[in-house]
Each structure stands twice: as C-alpha cells, then as structure tokens.
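Kindly produce the complete structure, drawing on both the sequences and the hints.
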Amino acid sequence: MAKITFIEHNGTSHVVEAENGVSVMRAAVDHNVPGIDGDCGGECACATCHVYVEAAWQGVVGGRTETEETMLSFAAATQDNSRLCCQITVSDALDGLVVHTPDGQH
Amino acid sequence: MNHVSTMSNRESVWSLPLDLVSPADPQLFKDNAHWAYFERLRQEDPVHYTADSEFGPYWSVTKYKDIMAVDTNHKVFSSLSTLGGISIRDQRADFPLPMFIAMDPPLHDEQRKVVSPIVAPGNLAILEHTIRERAIAILDSLPRGEEFDWVDRVSIELTTQMLATLFDFPFHDRRKLTRWSDVATTVAGPGGLVETEEQRQQELRECAGYFMNLWNQRVNAPPTGDLISMLAHGESTRNMTPQEFLGNLILLIVGGNDTTRNSLTGGLYAFSKFPEQYQKLRANHDLLDSAIPEIIRWQTPLAHMRRTAVADTVLGGKHIKAGDKVIMWYVSGNRDSEVIERADEFIIDRARPRQHLSFGFGIHRCVGNRLAEMQLRIVWEEILKRDLDIEVLAEPERVLSTFIKGYLNMPVRIRN
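Chain order of the listed sequences is A and B. For the first sequence, numbering that gives the first Met the number 0 begins at 0 and goes up steadily by one. For the second sequence, numbering that gives the first Met the number 0 begins at 0 and goes up steadily by one.
Calculated directly from the structure, the hints in this document are not laboratory data. Idealized CB from N, CA, C, for every residue including glycine. Misleading hints may appear alongside valid ones.
Examples of chain A residues toward chain B, derived with CB under 7 Å [claimed, not checked]: (1) D36; (2) D38; (3) C39; (4) G40; (5) E42; (6) A44; (7) C45; (8) T69; (9) F73; (10) A75; (11) G103.
Computed Cβ-Cβ distance ranges for the label pairs, DEER-style [to be verified]: (12) G208(B) with A54(A): 50 to 58 Å; (13) D24(B) with N9(A): 48 to 56 Å; (14) T11(A) with P410(B): 40 to 48 Å; (15) D30(B) with G10(A): 48 to 56 Å.
Only some residues are given here: those of chain B computed to face chain A with a beta carbon under 8 Å [stated by the list, open to error]: (16) M67; (17) D70; (18) R111; (19) A119; (20) G121; (21) A124; (22) F360; (23) I362; (24) R364.
And the structure:
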C-alpha cells in the first residue's frame, strides 16, 4: 500500500490509498482524480496520464522508458520531471509520493 | 443492434465462405451494411486475410486488443507513404503527398512537434471563445419548423469556420477548404465528386498554390499563432518541399474537417436512434463529459487506419509477412464487446467512455483530439442551453468510402 498525493494545477490535492502492483494511473482513475484520463488503459499510448514528479521522489520513481519518452515528446508542457504515470507501478517504496497534474490535460 | 443492416444482410454475410468475407468494399459503408461482416470476423477470424480485393490483398484486424497491439508497434507496422501510407488505397506513386501521419520516426516526430502546439491546452483555451461565438451564430441562424440539411448548415459550416480560424485563412473563401478536403479523400470516377484523377490532382495543385501565397505572406512576417505561420517558421518544416507542404496541409484539412464534421452529424443521429439518452442528457447537462467521447466512439469517423508490415510477425496466431497490408478496423474494434460493454448501444453515461479507438493510439494518435472534443462539447452545450428539439426526418446519405465514415446529408427540422 502507498499513500499517493495528486495535486491539480489549481492546487487542489487528492490523496489516494493505492494497492501495490497497480499503476499510479490506475490508482488515480479508480479514485476519480481529475486531470488523469488514461484513455489507452495503461499501454503508454495516449499520454493522458502525464504528471510531474516532485523532486524528492524522482530518484525513487525512476526514469522514462523509450516509448514513454516518445509519447511525452508530443505532449504539451513536458518538463524534466514529467512521467506518464501508467508506467509507474505502486509499491511500499512509493508511500508518500507526491505528483502534480499539468494544466488542462483535460 | 444494427439499425439499418437487415436480417437478410446479416444472414447472407454469415453464410459466405469465410475466405470470401471482405469488408473493404466502399458500397458496404455507403449502405451501412458493413456491421455484420465485422461481427462475424470478430467472432470467427479476428485477424483475417483477404487474398483479393479492389485494394489488393490485405489483413483485417478487427478486435480492440489486436488493433492496440498494431497501433503501438510502429517499428513493425510502418505508416510510410512510400510503402502505401495510412489508408487501404495505396498512396499514388505518380502524385505523392508526404505528410507526417504517413511517416515513421524520426521525421514523423520532428514534423508532428511543429504542429502540436496549436492544439495544446493553452491555445485551445484562447480558441474556445471564438468557436463558441461561431457556434452560437450558426445555431441562431437555423430555421425553425422547416426542413434543412444538418450536414451543410451545421456540421460543414462550423468545422470549416474552425479550420479557417486555425489557418487564418481568408474567411470568404472558407468553403474552398471543404472542397479540397473532400477532393483529397475522394476516388475519381464518372458521376463522382471529380470525374478524373487529372481533375483531382489539378484541384489539389490549386489548393497548394493558394496556400503557397499564404505561406509567402507569413514567412516574411513575424511568427503568429496560426498553422501556416507555424509551418513557415518551424525549424523542421520551413524547408519542406512543395509536395510535402501540400501533403501536410491536406492532412490538417482532412484531419480538422471531415472527422469533426461527421461526429457532429453522427451525434445528432445517435441521439435520434437512442432518444432516451437525449432525455438523460437534457435532465443532466454534466453528462456531456462522457457523452462527447461516446459520440466519437459510436461514430468512429475514420473507419480504419492502415499499416504495412516491415518484418515478419505473428498477430492473433496469424503469420503476417513483411510487405503485407494490415488494416486496423477502428469501426470494428469500437464494437468489440469483450472490451466495451454493450458496444453496439449508444450509452452516454458509460463507466469508461474514453476507452475507444477513434483517435488511434501510439505515436500517431490524433494530434487534434482535444480540439475535436472541445468543438463537439461547445455545440452540444449551446444546443442544450437553447433546448433545441431537433428531429431527424430521414436516414442520412452516407459517404462511399472505407476510410471516411461519414454523411453527405441529413434532413432535420427544429420543432417550434
């Protein structure tokens, strides 16, 4: 289990208790976190689960996959700490993770 | 529930020898008689080979998950125009139209990145006001209590105005955009939109000439937010060849025009077939958030996208060879009940309405999907605000194409 905080562009926070083994995207969608659509269902194929990972967590979360890199290069407002959160798997190590959602992802 | 395909159509399709089942027949789409073919293929032969058709031999990929597998594997399934491109009809070698949708990485990635900022959220927010004003003007100009053509008066007019805005195209000439979009995707023939291939190419050259003037104006002026200016100033697009320029223009015209146009018509048609869904929406306007993607799924404005295998591979247990033509039938995947519950029905409050194939997936996913959704949302918001009671008076006439799944006209009347 991991407690994950999603912070919207307008500052609204959503704290989600996520099960180990699911993706961060799935945890967000299942808890109706706004701004994370996950249209492709977690195939790294739509870039609608774009998040910014807080600096302190970047090392824990890790880097992008090759496909993710490409999909993010087409997304709006990509930054160094951008990830597609369907590619991040929840584990105990992510307990306390904080991510931000971009403006107008949806 | 296929509304037009009759029992006899369904029975005759199911009694065909399997190897003769070939859904790539434009007439089937014109007659709305394609559904039974896909229903059978999804059930009996989800990855299906047709040895002989007017488009040559091809594979039909009909299930949602197999389509996803092809769409996300661009290393094996190429979009390259010189291999045939992205639709079942091969790109003509004598009149090539290179465009980024029909390229592979890295060129695709470079050119796509030039265009994508115009449909980024920040720019869409700026466009929203203009789109709403134009939608309001169009809706308020519609006659009350008398028949008119929804396709011409609303769907074409609105998407064409939108496109003129995106290009900063002379507004009085905007119907030229509609014409070029239609000409680009039509097949020349007697009685058709254009009689000969020569006429088709001549009109597209006129299109190129018109835009070349705009390009010359914009390239010599400071960059502005419109698409022509972006292409003229973009590092990876400013040195495009004339054919490449024309190709990318056609892509943006067709992509920004035909698809939204047919979803605007398709939405109204869907509500007329499922009136209880419209009552649900009238009672709760918040359902528009899920109704819009449901309209886009139900309509599936592009019936397919094509790839060409560049390596031998196995898909759904079938051996696909390098060079084979592979058709991803989005229109079928969007009716796959293994992934989408009660897929034949139009249900505006589905649990996961955004899970559909209409925009494609992977690196070629529709670049303008958010703009398309925004245009549809605005039109329906304004229809609901006015509580317009729109009656579809007859079946729409459909386009003769296996690619553009659309409508030529649909007579309607707004009840007083």
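Minimum beta-carbon distance criterion (8 Å), M67(B) to chain A
holds, 6 Å
Let's test the interface hint: is any C-beta of chain B closer than 7 Å to that of D36(A)?
OK, holds: D36(A) within 7 Å of chain B, min 6 Å.
Return the status of the interface hint for A75(A): holds when the least beta-carbon distance to chain B is below 7 Å, violated otherwise.
Interface hint status for A75(A): holds (4 Å vs cutoff 7 Å).
Could you tell me whether the CB distance from G208(B) to A54(A) stays inside 50 to 58 Å?
Check passed, 53 Å falls within 50 to 58 Å.
Interface hint check: A119(B), Cβ to nearest Cβ on chain A, cutoff 8 Å. Holds or violated?
This interface hint holds because 4 Å falls under the 8 Å limit.
Given F360(B) as an interface hint, is the shortest Cβ-Cβ distance to chain A below 8 Å?
Hint holds; F360(B) Cβ to chain A Cβ min 4 Å, cut 8 Å.
CB-CB spacing for P410(B) and T11(A) relative to the 40 to 48 Å hint
Distance hint for T11(A), P410(B) holds at roughly 47 Å.
A closest beta-carbon separation below 8 Å is what the hint needs, so does R111(B) meet it against chain A?
holds, 6 Å
Evaluation of the interface hint that places G103(A) against chain B, nearest CB under 7 Å
holds, 3 Å
Does E42(A) hold up as a contact with chain B if the rule is Cβ-Cβ below 7 Å?
Since the shortest Cβ distance to chain B is 6 Å, the answer is holds.
Is the hint on C39(A) kept, meaning its closest Cβ partner in chain B is under 7 Å away?
holds, 5 Å
Hint T69(A) vs chain B: min CB-CB distance below 7 Å?
holds, 6 Å
The structure is consistent with each of the numbered hints, conforming to all of them.
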